[in-house]
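**Student:** Full structure from sequences and hints, please.
There are 2 protein chains.
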Amino acid sequence: MLISQVGEFALIKRFRKAIRTDASVIVGSGDDCAVLAHDKKHYQLFTCDMLVEGVDFKSCEDPYLIGRKAIAVSVSDIASCGGLPRHAVISLGMPKNTPLKFIDTLFKGMMSVARKYKINIVGGDLSRAQSIVIDVSMLGLAEKKNLLLRSRAKKGDIIFVSGALGGSIRGKHLKFIPRLKEAQFLVRNFKVNSMIDVSDGLAQDLNHILEESKVGAVIYEKSVPLSKDALNLDEALYMGEDFELLFTVPPKEAKSLRQHRNFRPIGEILDKSLGLSLMDKNGRARKLALKGFRHF
Amino acid sequence: MLISQVGEFALIKRFRKAIRTDASVIVGSGDDCAVLAHDKKHYQLFTCDMLVEGVDFKSCEDPYLIGRKAIAVSVSDIASCGGLPRHAVISLGMPKNTPLKFIDTLFKGMMSVARKYKINIVGGDLSRAQSIVIDVSMLGLAEKKNLLLRSRAKKGDIIFVSGALGGSIRGKHLKFIPRLKEAQFLVRNFKVNSMIDVSDGLAQDLNHILEESKVGAVIYEKSVPLSKDALNLDEALYMGEDFELLFTVPPKEAKSLRQHRNFRPIGEILDKSLGLSLMDKNGRARKLALKGFRHF
Numbered sequence: 249m250l251i252s253q254v255g256e257f258a259l260i261k262r263f264r265k266a267i268r269t270d271a272s273v274i275v276g277s278g279d280d281c282a283v284l285a286h287d288k289k290h291y292q293l294f295t296c297d298m299l300v301e302g303v304d305f306k307s308c309e310d311p312y313l314i315g316r317k318a319i320a321v322s323v324s325d326i327a328s329c330g331g332l333p334r335h336a337v338i339s340l341g342m343p344k345n346t347p348l349k350f351i352d353t354l355f356k357g358m359m360s361v362a363r364k365y366k367i368n369i370v371g372g373d374l375s376r377a378q379s380i381v382i383d384v385s386m387l388g389l390a391e392k393k394n395l396l397l398r399s400r401a402k403k404g405d406i407i408f409v410s411g412a413l414g415g416s417i418r419g420k421h422l423k424f425i426p427r428l429k430e431a432q433f434l435v436r437n438f439k440v441n442s443m444i445d446v447s448d449g450l451a452q453d454l455n456h457i458l459e460e461s462k463v464g465a466v467i468y469e470k471s472v473p474l475s476k477d478a479l480n481l482d483e484a485l486y487m488g489e490d491f492e493l494l495f496t497v498p499p500k501e502a503k504s505l506r507q508h509r510n511f512r513p514i515g516e517i518l519d520k521s522l523g524l525s526l527m528d529k530n531g532r533a534r535k536l537a538l539k540g541f542r543h544f
Numbered sequence: 249m250l251i252s253q254v255g256e257f258a259l260i261k262r263f264r265k266a267i268r269t270d271a272s273v274i275v276g277s278g279d280d281c282a283v284l285a286h287d288k289k290h291y292q293l294f295t296c297d298m299l300v301e302g303v304d305f306k307s308c309e310d311p312y313l314i315g316r317k318a319i320a321v322s323v324s325d326i327a328s329c330g331g332l333p334r335h336a337v338i339s340l341g342m343p344k345n346t347p348l349k350f351i352d353t354l355f356k357g358m359m360s361v362a363r364k365y366k367i368n369i370v371g372g373d374l375s376r377a378q379s380i381v382i383d384v385s386m387l388g389l390a391e392k393k394n395l396l397l398r399s400r401a402k403k404g405d406i407i408f409v410s411g412a413l414g415g416s417i418r419g420k421h422l423k424f425i426p427r428l429k430e431a432q433f434l435v436r437n438f439k440v441n442s443m444i445d446v447s448d449g450l451a452q453d454l455n456h457i458l459e460e461s462k463v464g465a466v467i468y469e470k471s472v473p474l475s476k477d478a479l480n481l482d483e484a485l486y487m488g489e490d491f492e493l494l495f496t497v498p499p500k501e502a503k504s505l506r507q508h509r510n511f512r513p514i515g516e517i518l519d520k521s522l523g524l525s526l527m528d529k530n531g532r533a534r535k536l537a538l539k540g541f542r543h544f
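Respectively, the protein sequence lines represent chains A and B. Heads up: the first sequence at position 265 corresponds to 513 in this note's numbering, and the numbers run straight through without jumps. Heads up: the second sequence at position 105 corresponds to 353 in this note's numbering, and the numbers run straight through without jumps.
Worth flagging that the hints you see were computed from the coordinates, not collected in a lab. Treat the hints with care, since some could be wrong.
Same chains, same label: a pair holds when it works inside one copy or across any pair of copies.
Unchecked claim - Under the rule of at most 16 Å between Cα atoms (straight-line distance), these lysine to aspartate or glutamate pairs were calculated in the EDC-like manner: (1) Lys393 x Glu469; (2) Lys403 x Glu501; (3) Lys261 x Asp352; (4) Lys535 x Glu469; (5) Lys349 x Glu256; (6) Lys366 x Asp270; (7) Lys423 x Asp287; (8) Lys356 x Glu309; (9) Lys423 x Asp477; (10) Lys403 x Glu459; (11) Lys364 x Asp270; (12) Lys393 x Asp287; (13) Lys462 x Asp310; (14) Lys344 x Glu256; (15) Lys364 x Asp477; (16) Lys265 x Asp352; (17) Lys289 x Glu391.
Values in this document were obtained by computation on a predicted structure and should not be read as measured data.
**Tutor:** Spelled out as structure tokens, the structure:
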């Protein structure tokens, strides 16, 4: 049996079942970040993301943008848990014949994002490898009252996204701006019940919220904001790497949140028994396929 | 210009120069772990290590041992800073056609070390890759008074190692036991001035202490404990992956420490101007070459 026959999410579940954690772990594997006890007011957030040549970027792409992305994906994870990024370590595997210019530019891209969000790069590991692989681990802090998880969506919540979706492969996946400012605005001004960032596609990431929160949902086709790079709705639903915030708020909050153009309501949280469906322009609902980006 | 023409350590220095950190960073890039402000009594330690197929292990090797090593190298880093490991995240890149059995056994190896040292595995990232690559990031805690760095060796200190060196490629590099117990014994019972773990070879790792502490040293050839796997002294000096503790203590402490058979005195810290030399059995000193394991 090969891992490709098991699938990415089944593999993760397999590993998670075997893991035991102590009381210092508020939320372990299974959310955008791990949540650890820190001090009276704060949790510490801990996340890692691996970027692999040929999967997350091509070697012909601008190394500055690859470096940006390597840091930005972790910032997006911290943001979607309601925290601020603080410290990061970087592991970098690369072939011996990598041009110095490539690595220098990659590093400049990394530093540009680190500086922008006041992230301390505090260590790393360089290794020889067959192709380029970058792993960034990041620590952040979230005020306890601001912590956002996938697991707290409630029936009746309105589902929002922070921007247009789809077509990220045509550029946005390397140039996206992590929605840290937006996430902080939300936690400071609204009651948000659940949040995730869209990395694997709207359908699949919304499904993570549904599974963890034990609820269902309907998405309104006409409300899903399509990116100018998106060729069709399917790309908005399934392509991934949009790195927009996907979150749910109680109906009362939704009213005032609708006035902020940055945040678009796209659906509603329903009872678990109703699963995940898409309602078309004629008011007909169909079950939404749970495909999206998967490594295996 | 290729990175292989620049070399691993020059590359690291290049990056470090561009990095700025704030007051939360007690020690940034350049030691076994980053040291971060935590609470009144403790520092937080943060380290990452990337293991790459074909460099750190071969795909034909027992995946259980590969998994063990992936966690143990980070435990060794935390130990050598005087801390205890607490939390880890694991990024794992692997080809689609990896057998499930391989990954299951790798994971079992990881968990065996995690359980032994009470490390919480709190998250991870799975990615498709051309070959297997494992990156582990680990957090630990060190009592402030117990923090050990590379940078505090003093002239007159006696240099110790925690075990025999050399020949690790013949098995020990996959089976070593990180010296956490020994490091904790040392910080609780002795005044230790500096410490590092031997990952790149005695000469090169001692040189890290010398550079960071701005001192020199002499190693006594007759005192270097050779592992049963070591073919000759050169392997003890240059092979690396021994994962023994290399540390320095003031002469007074050395006296009582000599009575513990686990710790062997192998040399002495001297003035910086004397560099790093090896004294042979006839009392003749020669400059020690600074070779050892390097990725580039």
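**Student:** Give the relationship of Lys364 and Asp477 under a CA distance limit of 16 Å: within one copy only, between copies only, both, or neither.
**Tutor:** This pair counts as neither: shortest intra-copy Cα distance 26 Å, inter-copy 50 Å.
**Student:** My question is about Lys366 and Asp270: at a cut-off of 16 Å on alpha-carbon distance, are they close within one copy, between copies, both, or neither?
**Tutor:** Close across copies (9 Å), not inside one copy (31 Å); limit 16 Å.
**Student:** Please sort Lys356 with Glu309 into within, between, both or neither, judging by C-alpha distance up to 16 Å.
**Tutor:** within (15 Å within a copy, 37 Å between copies)
**Student:** Evaluate Lys393 and Glu469 at a C-alpha cut-off of 16 Å and name the case that applies: within, between, both or neither.
**Tutor:** Result: close neither inside a copy nor across copies, 33 Å intra and 60 Å inter.
**Student:** Between the shortest in-copy and the shortest cross-copy C-alpha distance, which are at most 16 Å for Lys403 and Glu501: within, between, both, or neither?
**Tutor:** within (14 Å within a copy, 66 Å between copies)
**Student:** Regarding Lys462 and Asp310, is the shortest C-alpha distance of 16 Å or less found within a copy, between copies, in both, or in neither?
**Tutor:** For Lys462 and Asp310, neither the intra-copy (42 Å) nor the inter-copy (40 Å) Cα distance is at most 16 Å.
**Student:** Tell me, please, which holds for Lys289 and Glu391 at an alpha-carbon limit of 16 Å: within, between, both or neither?
**Tutor:** Within one copy, since 6 Å is at most 16 Å while 22 Å is not.
**Student:** Please work out whether the CA atoms of Lys261 and Asp352 approach to 16 Å or closer within one copy, between two copies, in both situations, or in neither?
**Tutor:** between (38 Å within a copy, 12 Å between copies)
**Student:** Please sort Lys393 with Asp287 into within, between, both or neither, judging by C-alpha distance up to 16 Å.
**Tutor:** Within. Shortest intra-copy distance 13 Å satisfies the 16 Å Cα cut-off; inter-copy 21 Å does not.
**Student:** When Cα atoms must be at most 16 Å apart, do Lys344 and Glu256 count as within-copy, between-copy, both, or neither?
**Tutor:** Between copies, since 10 Å is at most 16 Å while 31 Å is not.
**Student:** Between Lys403 and Glu459, at a C-alpha cutoff of 16 Å, which is it: within one copy, between copies, both, or neither?
**Tutor:** within (13 Å within a copy, 61 Å between copies)
**Student:** My question is about Lys423 and Asp287: at a cut-off of 16 Å on alpha-carbon distance, are they close within one copy, between copies, both, or neither?
**Tutor:** Neither. Shortest intra-copy (35 Å) and inter-copy (37 Å) distances fail the 16 Å Cα cut-off.
The structure is inconsistent with the numbered hints 1, 7, 13 and 15, although it conforms to all the rest.
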